[in-house]
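Trainee: Sequence:
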Amino acid sequence: MERGRRQRSIEATIPHISWFGQEIAKLLEIKEPVRSGLRGLPPDDRNASLYDAQNHEQSLNETLFDSTESFNRLVSAIETLEDIDLSEPKSYKNMPAGFCGRS
Numbered sequence: 001m002e003r004g005r006r007q008r009s010i011e012a013t014i015p016h017i018s019w020f021g022q023e024i025a026k027l028l029e030i031k032e033p034v035r036s037g038l039r040g041l042p043p044d045d046r047n048a049s050l051y052d053a054q055n056h057e058q059s060l061n062e063t064l065f066d067s068t069e070s071f072n073r074l075v076s077a078i079e080t081l082e083d084i085d086l087s088e089p090k091s092y093k094n095m096p097a098g099f100c101g102r103s
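Letter 68 of the sequence shown, counting from 1, is numbered 68 in the numbering used here, and no numbers are missing.
Just so you know, not all the hints are guaranteed correct.
Here are the in silico distance ranges between beta carbons for each label pair [what the hints assert, rightly or not]:
| hint | residue 1 | residue 2 | range |
| --- | --- | --- | --- |
| 1 | G37 | K93 | 26 to 32 Å |
| 2 | S9 | E79 | 28 to 34 Å |
| 3 | P89 | R39 | 30 to 36 Å |
| 4 | E88 | F65 | 32 to 38 Å |
To be clear, the hints were calculated from the coordinates, so they are not data collected in a lab.
In this text, a Cβ means the ideal position worked out from N, Cα and C, and glycines have one as well.
Full structure from sequences and hints, please.
Mentor: In structure tokens, the structure reads:
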């Protein structure tokens with residue numbers, strides 16, 4: 001099957017959600033976007049990399065453990081936010097123009 005048109009499954013989707021959760025948790029923790037290597041890839045390449053690295057190299061139990069860890073980290077990061085962090089993009093350094101209504 002060609003790249004970008006791979007068959008998806010719930011098991012293959014979990015690592016994607018976990019990765020995005022980790023990315024958002026990092027943003028909330030340090031108040032600045034983190035440019036991970038995967039973020040700079042085109043979506044199909046990023047998805048293929050996540051699928052290959054995190055789905056095929058891990059057991060389902062490892063994938064579920066990582067997902068739980070990612071979720072817990074995201075919840076912890078959200079719990080530290082103040083009201084201003086939710087409505088004011090200036091709370092975050094180096095946010096791209098247009099992010100959260102920022103121009």
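Trainee: Looking back at the numbered hints, which does the structure fail to meet, lowest number first?
Mentor: Structure breaks hints 1, 3.
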